[in-house]
Amino acid sequence: MPVPHTAFEPEARTNHALRAYLHGLPGVDEVGARARAQDLSTRSIKTTAKANAIDLAISMVDLTTLEGADTPGKVRSLCAKAALPDPTDRTVPRVGAVCVYPDMVATAVGALQGTGIGVASVATAFPSGRAPMEVKLADTRRAVADGASEIDMVIDRGAFLSGDYRKVFDEIVAVKEACGDAHLKVILETGELVTYDNVRRASHLAIQAGGDFIKTSTGKVSPAATLPVTLVMLEAVRDHHAATGRHVGVKPAGGIRTTKDAIRNLVLVNETAGPDWLTPDLFRIGASSLLNDLLMQRTRLSTGTYPGPDYYTQD
Amino acid sequence: MIFEYAPAPESRSVVSLRETYDLFIDGEFTPARSGDHLTVLNPADETELARVAVAGEADVDRAVTAARRAHETVWSRMSGAERGKYLFRIARIIQERSRELAVLESMDNGKPVKETRDVDLPLVAAHFFYYAGWADKLAHAGFGPDPKPLGVAAQVIPWNFPLLMLAWKIAPALATGNTVVLKPAETTPLTALVFAQICQEADLPPGVVNILTGAGETGRALVGHPGTDKVAFTGSTEVGRQIARAVAGTDKRLTLELGGKGANIVYDDAALDQAVEGVVSGIFFNQGHVCCAGSRLLVQESVADEFLPRLKERIAKLRLGDPLDKNTDIGAINSAAQLERVRELTATADEENVERWSPACELPEHGYWFAPTVLTGVSQAHRVAREEIFGPVLSVLTFRTPEEAVAKANNTPYGLSAGVWTEKGSRMLWTAERLRAGVIWSNTFNKFDPTSPFGGYKESGYGREGGRHGLEAYLG
Amino acid sequence: MAERRGTKKSRKNTDTTGGAGAEGADGGTARDGTTEPRPPARLAVRKTYKLYLGGAFPRSESGRSYPVASADGTHLANASLASRKDARDAVTAARKAFGGWSGRTAYNRGQILYRVAEVMEGRREQFAAQIADAQGLPRAQADRIVSAAVDRWVYYAGWTDKFAQVLGGANPVSGPFYNHSAPEPTGVVAVFAPQDAPLLGLTSVIAPVIATGNTAVVVTSERAPLAAIDLAEVLATSDLPGGVVNLLTGRAEEIGPHLASHADVNALDLAGAGGLAVEFERAAATTLTRVLRPGPGGGDGEEAWLDTDPGTSRMTPFLETKTVWHPVGV
Chain S
-12 MPVPHTAFEP EARTNHALRA YLHGLPGVDE VGARARAQDL STRSIKTTAK
38 ANAIDLAISM VDLTTLEGAD TPGKVRSLCA KAALPDPTDR TVPRVGAVCV
88 YPDMVATAVG ALQGTGIGVA SVATAFPSGR APMEVKLADT RRAVADGASE
138 IDMVIDRGAF LSGDYRKVFD EIVAVKEACG DAHLKVILET GELVTYDNVR
188 RASHLAIQAG GDFIKTSTGK VSPAATLPVT LVMLEAVRDH HAATGRHVGV
238 KPAGGIRTTK DAIRNLVLVN ETAGPDWLTP DLFRIGASSL LNDLLMQRTR
288 LSTGTYPGPD YYTQD
Chain D
2 MIFEYAPAPE SRSVVSLRET YDLFIDGEFT PARSGDHLTV LNPADETELA
52 RVAVAGEADV DRAVTAARRA HETVWSRMSG AERGKYLFRI ARIIQERSRE
102 LAVLESMDNG KPVKETRDVD LPLVAAHFFY YAGWADKLAH AGFGPDPKPL
152 GVAAQVIPWN FPLLMLAWKI APALATGNTV VLKPAETTPL TALVFAQICQ
202 EADLPPGVVN ILTGAGETGR ALVGHPGTDK VAFTGSTEVG RQIARAVAGT
252 DKRLTLELGG KGANIVYDDA ALDQAVEGVV SGIFFNQGHV CCAGSRLLVQ
302 ESVADEFLPR LKERIAKLRL GDPLDKNTDI GAINSAAQLE RVRELTATAD
352 EENVERWSPA CELPEHGYWF APTVLTGVSQ AHRVAREEIF GPVLSVLTFR
402 TPEEAVAKAN NTPYGLSAGV WTEKGSRMLW TAERLRAGVI WSNTFNKFDP
452 TSPFGGYKES GYGREGGRHG LEAYLG
Chain F
425 MAERRGTKKS RKNTDTTGGA GAEGADGGTA RDGTTEPRPP ARLAVRKTYK
475 LYLGGAFPRS ESGRSYPVAS ADGTHLANAS LASRKDARDA VTAARKAFGG
525 WSGRTAYNRG QILYRVAEVM EGRREQFAAQ IADAQGLPRA QADRIVSAAV
575 DRWVYYAGWT DKFAQVLGGA NPVSGPFYNH SAPEPTGVVA VFAPQDAPLL
625 GLTSVIAPVI ATGNTAVVVT SERAPLAAID LAEVLATSDL PGGVVNLLTG
675 RAEEIGPHLA SHADVNALDL AGAGGLAVEF ERAAATTLTR VLRPGPGGGD
725 GEEAWLDTDP GTSRMTPFLE TKTVWHPVGV
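Residue numbers (our numbering), protein chains in the order written: chain S, -12 to 302; chain D, 2 to 477; chain F, 425 to 754.
Just so you know, the hints here were simulated from the structure itself, not pulled from any lab data. Just to be clear, a hint being listed does not mean it is correct.
From the structure, some residues in chain S lie toward chain F, with a derived Cβ separation under 10 Å [what the hints assert, rightly or not]:
1) D16
2) E17
3) G19
Distance ranges between label pairs, derived from CB positions [what the hints assert, rightly or not]:
4) E677(F) to H367(D): 22 to 28 Å
5) E121(S) to S598(F): 53 to 59 Å
6) S14(D) to L288(S): 18 to 24 Å
7) T402(D) to G487(F): 53 to 59 Å
8) A38(S) to K318(D): 21 to 27 Å
9) S17(D) to G261(S): 26 to 32 Å
10) G143(D) to A230(S): 53 to 59 Å
From the three backbone atoms N, C-alpha and C, an ideal C-beta is built for every residue, glycine too.
With these hints in hand, go ahead and build the complete structure from the sequences.
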């Protein structure tokens, strides 16, 4: 269990106090944040650096399927891919985790037995979060009971945007408690928060409430994980670490499809939060199609020839 | 896991250098009468790039004569629309050859190719594009119904943005119907010589643009030549004074864009991460070889303890090294002489017990290099707070009230640029209104645009370059 | 022109000779001297012409004065002969006034300049007589010049809140930034007023300088300085803050070099500097002081300044363009 991380003990946890804290954080200038992200995205990562980055990125992928049409078969197939991303090349590292809906947790846990790969489950009435609290908690407990080692919860964006920070905070605390030993990733759904000021505030709110990771998006709302959003979230965990010594992870999810996107994220991590965060323990990328692109680029680098998509499994 | 960026050098193969370059007079490359040459070095490794001719008085006279003839016979007689089309054509060729020019500029100047590629070259092309469109609209520019060109402009430019300064000088002069004789800086003449080739490629009439390479003597001869109607100079305040003195008593018009000691004011309510970025780009962009650099950080005392560690952490991430590496943030100091000046002025800080900090930073063995440096505990009285260092050296001062910030910011003979960082709009405007400087960047820094007038107050010079305002210097 | 050095006491106006100037009907002295002397019905009270510095009317710190004669050579009065130190004090006063004056709203500056016109209009007689004497003009022509001078204040009163819009504006930069340029006063302007146009010429060079928010140190016409001091009285009673305009009567040759090289002077208007202009421009180079060179021509007296629409040409040389950037974002 993580140590207590918050100055906001229940009796002090008023909307007034939370607002004073969150609105006292330095603002984020949108244009400046975008410019910084853009500047870092021009880093040129080549040859050995690229090879290392690709393997690092693969190890950080939360290989995800979150569709209404998911079946146990599809989940098992995904798990096989997670454990052995490229059957023709055993030097490819395994992914960070497999991410599924709660009802698929048991299937995934079974399929991943012995691989060392954990199962992450979205919970709390993902993706909208619109369900009674007891349902969200039951959702969480059931996923953990089925073997999920990581829970990706969504915050109540409606409450956040209306200034009811206490409700958001309390829900995170309650879900964290329901997680038991499982790690909690708090999805901010930044596409609905709209401003970078809100992203920063929601990040700190989630961190203060005990989230182990802060995650950009459900993947169901556009825009999802843009570079500036990830930048602002990395700044939040960096600042929290500087203030308390505690490391909180970051997970961009949604819209990261190419090796270039992934490497840009790694550069962002490297030059914002710092090399400490360049580990699957503190940085994950929520994605599905990204993995194949990473594998193709890996082949391209090692063989010098361009691969075709038909040589990589798609499902 | 350590994520080391592998070297990512931009290819030099896009650049084909000649061994020697002649002067560009009347549309042709022609040897200097003196036969003298100077050697141009790559400041990053001190290798020889080329030898260029040194123009003497006779060459200046030839160039001015050619420019005068071109003005009288062709350029002032051409319709504005046609003049504009030449400039559009030049803008397009610059875009087409932008990678070549970016790499060459980086080799000649020492600045990171990331900057020449993403800042210098796009701005150069945009500047020609912008003024091209003015050429047939001068009657609408607010300088009377029928504004006339002055004639021949003598233009002398510095080494910090060689091609961009050329664009700032030549584009408005040509758009308004003037012809030019331009002298690039002694240490960075190469892109100007490629520009001469571009003029040929664009079929620009001979004599409209003349490029004379050389050093201070060439510049003096050009500025002092009685046959020009206009002098435009960008460079040091000291040389600016000499030029103003030389031009006194003549009918020549004069614009000067000189030094600066820009203040970057960070209030305690600033967006700190963006302020850190702005302070970093304010002083380390182009190795601090920027007249409008934010070389004095004025940070509000109540946030200084939070701000400075962030700033240093960020500076420690700057990547210094090969200017042609696409990941390089800090390139080489342009010349041995400039390096000496940066060292000398920074050393006065040591003598004056100012605290000096640089990140752990390995400097290449060859070439001219200076690590990013932060001086803290600086007061207004210190030399490093008063004199322009023109290098990657930031002086940090603190203030308590807005009045104090403005007073300190203005307490300098210069007045080119200033920065203001606050999330409070009224305070930003209050501060901007009181700062005596030609360009105020609020919540940003070192931004340039062809539509945006640039130039200084006080000893930073007079006249504006860019925008509609930039036409005034070339119209009678 | 002779210089007089003396104490306040010795310069007291106790004589009954000399020109009538602006004081109105004289008690009993005729200019041609043909009338028999007789005791005046009332002795006219003459004016002591002093400097105008920081809103006050001090004598030159040097205690010097010099005689001023009319166009036909008649002695009119003694004017203060300003010294280097007076010039220095004038720059100090102008600098002190700059913050407040440039900080006034443009509307307020316009109101005050218009007030100058109003007050001047009420003293038309005085000004007409003064320049008729000084320039030897027929009265009708003097009236015309005075009218033009009054109208010039009205003209520039109207400019105060317009030049920023005419000369500035929004710049459509390529990026998410609000960017605008606006003109600002450069600071303290040393004005060398036209030598042969002591009222309209003087007004034409002072009004644009202060309309734009600058403050001025003016070296008046040496030969014909009296109208300038009359104008100072108008300025002093028109709500113009002290120090915005400072008038030095005396020799450009003597005080000019100190003004031209003064590091706290931001600009020079060399309209009346004549043969000294080049020397002054050279001196100005030391601190990059802005210079408005004398125009072509000259020697046409007040007539040369009759153009009713001088435009922005005497304002722009004393304006700095400030460009402000700000990001546009949420």
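Status of the hints after comparison with the structure:
Among the interface hints, the one on D16(S) holds; its C-beta lies about 6 Å from the nearest C-beta in chain F, closer than the 10 Å criterion. The interface hint given for E17(S) is met, as the beta carbon of that residue sits about 3 Å from the closest beta carbon of chain F, less than 10 Å. The interface hint given for G19(S) is met, as the beta carbon of that residue sits about 7 Å from the closest beta carbon of chain F, less than 10 Å. The hint said 22 to 28 Å for the Cβ distance between E677(F) and H367(D), and at roughly 59 Å that hint is violated.
Between E121(S) and S598(F) the CB atoms are about 54 Å apart, so this pair conforms to the stated range of 53 to 59 Å. Hint check: S14(D) to L288(S), Cβ distance near 23 Å, so the stated range 18 to 24 Å holds. At about 44 Å, the beta-carbon gap between T402(D) and G487(F) misses the expected band of 53 to 59 Å. Range check, A38(S) to K318(D): about 23 Å between beta-carbon atoms, so the 21 to 27 Å window is met.
The supplied range of 26 to 32 Å is broken by S17(D) and G261(S), whose beta-carbon atoms lie about 42 Å from each other. For G143(D) and A230(S), the Cβ-Cβ distance of about 55 Å falls inside the hinted range of 53 to 59 Å, so the restraint holds.
Comparing the model with each earlier hint shows violations of hints 4, 7 and 9; every other hint is respected.
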